[in-house]
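Visitor: Okay, here's what each chain looks like letter by letter:
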Amino acid sequence: MKVEELEALEKPAIDPGTDHIVGPGFTNATVTDKIANVALRPFRSTPMVWFLGIGIAFMLMQGLLIGSAWLFYKGVGVWGVVIPVAWGFAIVNFVWWIGIGHAGTLISAILLLLKQDWRTSINRFAEAMTLFAVAQAGMFPILHLGRPWLFYWLMPYPNSMWLWPQPRSPLIWDVFAVSTYATVSLLFWYVGLVPDLASMRDRATKLWQKRAYGLFALGWRGSTKHWTRYQMAYLLLAGLATPLVISVHTVVSFDFAISILPGWHTTIFPPYFVAGAIYSGFAMVLTLAIPTRKLFHLEDIITSRHLDSMAKVMLGTGLIVAYGYMMEAFMAWYSGQFYERFMYLNRATGPYGWSYLMLIACNIAIPQLLWLRSVRLNVPILFMLSLVINVGMWLERFVIVITSLHRDWLPSSWGEYHPTEFDWMIFAGTIGFFLTLMFLFVRILPAISIFEMREVLHHIKHRHEPQPAPGPAHGD
Amino acid sequence: MTPSDKPVLDLDQLRARLQSGQGPLYWKSLEEVAETPEFQAFVEDELAAVRTPDWLDPANRRTFMKLMGASIGLAGLTACTKQPKETIVPYVRQPEEFVPGRPLFYATAMTMGGFGTGLLVESHLGRPTKVEGNPDHPNSLGASDYFHQASVLQLYDPDRSQAVLNRGRISSWNSFQAAMMQERERANLNKGIGVRILTETVVSPTLGAQIKEFLQQLPAAKWHQWDAAGRHGAFAGAQAAFGRPVNPIYQLEQADVIVSLDADFLSCGPGNLRYAQHFANRRRALTNVAQKERSKQDIQEGYQAGPDAPLRNQAASHTEEDTSPSPGAVQAQAEGVPVEQITQNRLYVVESAPSPTGGMADHRFPMKANDVEGFAWALAAALGVGSGQTGTAHKAIPAIAKDLKANAGKCVVIAGDYQPAAVHALAHAMNQSLGAVGKTVVYTEPVEANSVDQIASIKELVGDLNAGKVDTLIMFSGNPVYSAPADLDFKSAVQKAKWRAHLSLYNDETSEQCHWHVPQAHYLESWSDTRAQDGTVTFVQPLIEPLYAGRSAHEILSALAGNSGKSPHDTVREYWQTQRKDADFEAFWQTSLHDGIVPNTAAAIVNVAAKAPTAPTQNQGQGMEIVLRPDPTVWDGTFSNNGWLQECPKPQTKTTWDNAVWISPATAQQHGVATGDELEIKYQGRMVTGAAWLLPGHANDSLTVHFGYGRTRGGRLCDELGFDAYQLRTSGAPSGGYGVEIRKTGGTHYFAATQHTQTMESREPVRIATLEEFKKTPDFATEKEADKPVPKYMTLYPDYKYEGYKWGMAIDLNTCVGCSACTIACQAENNIAVVGKAEVGKGRHMQWIRVDRYFKGNIDEPELYYQPVPCMHCENAPCELVCPVAATIHSGEGINQMVYNRCVGTRYCSNNCPYKVRRFNFLSYTDWDTQSYYPLRNPDVTVRSRGVMEKCTYCIQRINAAKIESEKANRRIADGEVVPACAQACPTQAITFGDINDPKSKVAQLKAQVRNYSLLEELNTRPRTTYLARLRNPNPELGGVTA
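Here the protein sequences line up with chains A and B, keeping their order. In terms of the numbering used here, the first sequence is numbered consecutively and its last residue is 476. In terms of the numbering used here, the second sequence is numbered consecutively and its last residue is 1519.
If you are wondering where the hints come from, they were derived from the structure by calculation, not from laboratory data. Incorrect hints may appear among the rest.
Unchecked claim - Over 10 Å on every C-beta distance to chain A, these chain B residues come out as not near it, computed from the model:
1) 573
2) 922
3) 1099
4) 1148
5) 1241
6) 1315
7) 1423
Stated by the list, open to error - Partial list, computed: chain B residues near chain A (C-beta under 10 Å):
8) 1130
9) 1233
10) 1345
11) 1362
12) 1378
13) 1393
14) 1411
15) 1415
16) 1419
17) 1422
18) 1495
Unchecked claim - Okay, the calculated bits of chain A under chain B, using three or more residues with CB under 8 Å as the criterion:
19) 63–77
20) 288–298
No residue lacks a Cβ here, since even glycine has one placed at the ideal position from N, Cα and C.
Looking at chain A on its own, in the form it has when it is part of the complex (with noise of 0.2 Å):
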């Protein structure tokens, strides 16, 4: 890499505002630049900054292997569950990490179809973001369980025994639902990258770089033949992530839904769980994107038009969201069941009321912000909102499983729920894993699709309209 490429790498970039979807003066060969040289710089030149993100991380994620060594050494006990109180941190991380998982897919698959252009920049960004919480997701089920060493027990495997997991059980639906999606975002992401990884091979100076994306290039060489069957597949695929955006967080939700759990039994959680899910999950993506722009100098391909875009849909969802809570609490008015009253009062009045009163703040009345639109071109306001919501959904699954279940029907049971240190390190331990790997995907992978970005300038230059899918048109 020339001297001058490597000043121009730490060149501030300039935001073009909201009316544009990159900056100016781009060309194919420019933007390919500007997003590869990202991944491709040599080392040393990796920011300061980088470094120090990928230490705290790496850090923190010692806490989940610390934390798990000693759960499955130990058992669950050495979490806060208890009898009435038995499922604590872990279901709790796990839908706030699965809802967090909903942006990706729906960027990519749904505003794909829906022909938003201005996905482009942050879709691979997101898809990423969206795999990652999925695995860290999808590790809390396993950890949760009192013996997990017979996780697969709720998979459906031929055994001597003929047994089968027991199919009426909303759990085993989310073993479905959630490998499902786990392995479609998989797909979707990794199809979605090949053009990429092709681009990488090409401009790789170094003969491991080379062969390193080489071999996940699957030998793609842009052919027409190559364009065409791309398309249909990446089509396909998105057809197919569509319906699990809904899914996924339906079927979480019936986790809940289908016991008879005052606080749980609620035929409102599917939507409310899916607009939750996207809601935190846009709220994830600009959590991440905000401090990546900056630290990569991408402003002008990660612009004001996305975030704006972004706040618009986190408004959007979170009044969702606010008309579910409205929803619960009517409902509990309005159906004059007792359990159910008791259940509402005390989720915003009883030993938990400050979780409550910290996710309405949180969740509902702190986003309300987002209606200005200095507040949503306010960078480090949007950031924190960002966190807040976060913070708020994450508050959401916290409420709903531990201030139902902890009164529930008889007084003589009645308990409360105290998270143990083991609760926070495991918890801390997954965010310091998902940022590792955010951390070395944005170092090493092309954190922006090059491809479709080019595509974007094509259509820009040639005042055509989006094209639905990337076109094959101008081959690497």
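Starting from the structure of chain A, add chain B where the hints point.
Guide: Okay, now just chain B, sitting in the frame of chain A:
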């Protein structure tokens, strides 16, 4: 490859080939030169080196197996250690009735607090595992309490003393005997001057005879008795009233009105099991009202007729064609009592701290324990008894007196064991004037070997010790250093005995102060005999050789009598041979052993006239009082090291692993005290620090503290638990008195309670009505169901038809006294682990049947209700639906089963259980390491590991055992043949289990009672366990007096 297949090499051709130069330049083998196909194949086979043996080749496989077998064998040889010698010869003649895998039951008895209770002990391959009451025994009537249940854990306690100790160093029985015989010989010289024996209350006739013989031989020796939880007041009261010790026995089956003067006769004290059962029988007899208009289906489901009954019957008719009342229902109806005739016994209780008896009361008056005497005087005056003392007026007295008079001959006044003599004397006098004597109370000769005033006895001993008069002191069980009155300072007094020995189960505080400590044999390890409250003798027969070479008091006394080495068996047998000279002794011995009672040994009834006391006791006073009592679960400290009893929630507070300073909420508020605040309690110049527990229903200005905690020695569980209330106990006021001061230290203490919410929170898990209300609306327990929004009988699926058995349970809240015997019986039967204080505090206790306790009404004088909650075995079980691996499933007999091996531990079942009866092994709670617990466990019940859910199974092991028996005989299981552990222990038979497919079964008939209701019925879980609502019978004249 077999040799015949191998082509023969042509050597000439090879030579030619090598010479021609066409062959390889360097060659390894002739095959290579010949380029045989085999060699080619070998060269081309790149994996030849790593190829596994050819499994299909029989020769190879066999060789391989042989080599493997040999190497394993050799490896085993090298790892050899010397194995302990075992006798492996099987029985040449199998002992009679002994079938490996099937338990045997032996009759024996446990002595506690001066009375023996007859027991049947289950033995698996010679290991006692479970204790049940002996139905033939007058003190048990088939029931048992948690002390009996937990005694088997004490047997296997690894902390029991295991060796004879001489000044703390391990010694031997022979050395001890030699040392003791030296003392004996020295004593012989002076007729035993300076020889003292200290025992607990002795009821064993053999032991009594042995001690008396010893005292005959050494006339100057003295025998003292000290039982820390002894009934000192009752003894003194009988002395005061009759001038001699007598033993009152109440016949509660005859009593319609009972007044308890601080007597917790239903849950502790002598005869409590018998009293509870009789009390319940009296109550049951006249309150059972059968439900009319019930279909067979309803009865089986435990459903009640309500406004929508026709709808449900219609639904039921999809599966059950016969909707007309079954013969069973008709019969149940016939067996009931017409509504207008129902009545119920009435119980008045005055007491300071709520007790199970107080919970059963129709009128409970919280009152300082020391004010009870004033109440007794006033009541006596109202009944025309006494000597002009007016006592303390109480608003309820006229009504109670009137009630008693109206029921003369069918009423009884019972004084509490810890009340002073005057209260007892007054009670005796009142009973006499009410014509109760001979009807509801009879007096017998005392059953103790020697009734003495134990406070005087220990005082005298300490006096002698301090005067240096004691040379030799032998203490048989008991722990006087810990439990003797604090003012006597037994610990320093005992040092003055020149030679002291202590026989006890544990190396405890007293053992520490003695030259010699001898491990005692547990009652399940040694022969003895004991007497029931009515005097009936039972032989205590051991079920196992002493685990730790323990010795019994009989052995020591035999040795002292010069019969060293005489076994306790021979001692007991020989004693009885002297008692039964003419009878066929062998037949008598065998029959008595088998039955668990010695016939015709009940103490003689005495006719005595009570003399009303003339003057009140001198402890009248003012201000705050302290009440000293044995602990509800660890008693006087005997069971401090017993994990089951430590973890058994105290019936009143539901706390575990602790004693507390019980205080009423009003008094606590007055002193600014909250639960958990540490208090310095100053009484008669002594001080202890304990933490407060606010107990609604406790008398104001009164503190109750319990013995049994604050131990310093005697097992790993004892240390650092609670505080030592004995420090406040003086010989002058063994049950406490006025003049206590409290001060907050500022510290706080953490209590591990199993129930945190004390009220029913506008729900009605326990349904209650007064007798009047019941007469008006017999279906009060279910009438509100009609208002509930969920239809009761709603399902998309056709009902499963139970062709065979259909198990169910009914729990009568009208007779449950909340004694928690069921909890510990279940723990013993089902190998339930002990989790410790920290885990209980988190909410992870494991007991399968819990006893919920609710307060209702006013905080100062609340009503108390107890409700045992096992698994409901719901027909529509919410737990089953959500288990992802089908680890909890419904059996064809309607039992909600838990398959431990299949459970992966998602805990969803517990979340979805509205009754929260499921228990989870959050950690590895079962003690896998302590060898001595292995034989304790019931071999018919799986021992659970960590990570699995567990819960009540209706004792399915017992159901299956009965099923095997019935199938062998080709018959159905008879009603009453299967009794779960909880029901078996229950002293009031509040728990009934059986087949609800059999309309004649007891449980089906109970479910046909009008009081029958399901817990949380509106959830449509259709529980198999149902409850019979509680009835109260308040005195109409006292309408507004108490809650």
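Visitor: All hints are to be evaluated individually against the structure, with a verdict given for each.
Guide: Hints, one by one, checked against the model:
1. 573: At roughly 38 Å from the nearest Cβ of chain A, residue 573 (chain B) sits farther out than 10 Å, so the non-interface label holds.
2. 922: Given a closest Cβ separation of 42 Å, the condition holds.
3. 1099: holds, 36 Å
4. 1148: holds, 23 Å
5. 1241: At about 6 Å from chain A, residue 1241 (chain B) fails to clear the 10 Å cut-off, so the statement is violated.
6. 1315: violated, 7 Å
7. 1423: Its Cβ does come within 10 Å of chain A, the nearest being 3 Å, so this is violated.
8. 1130: holds, 9 Å
9. 1233: holds, 4 Å
10. 1345: holds, 7 Å
11. 1362: Hint holds; residue 1362 (chain B) Cβ to chain A Cβ min 4 Å, cut 10 Å.
12. 1378: holds, 7 Å
13. 1393: holds, 8 Å
14. 1411: Since chain A brings no Cβ nearer than about 26 Å to residue 1411 (chain B), farther than 10 Å, the hint is violated.
15. 1415: violated, 24 Å
16. 1419: With a closest approach of 15 Å, the residue 1419 (chain B) hint is violated.
17. 1422: holds, 4 Å
18. 1495: At about 6 Å, which falls below the 10 Å cut-off, the nearest Cβ of chain A leaves the hint on residue 1495 (chain B) intact, so it holds.
19. 63–77: holds (count 4)
20. 288–298: violated (count 0)
In the structure shown, a violation is registered for the earlier hints numbered 5, 6, 7, 14, 15, 16 and 20, in ascending order.
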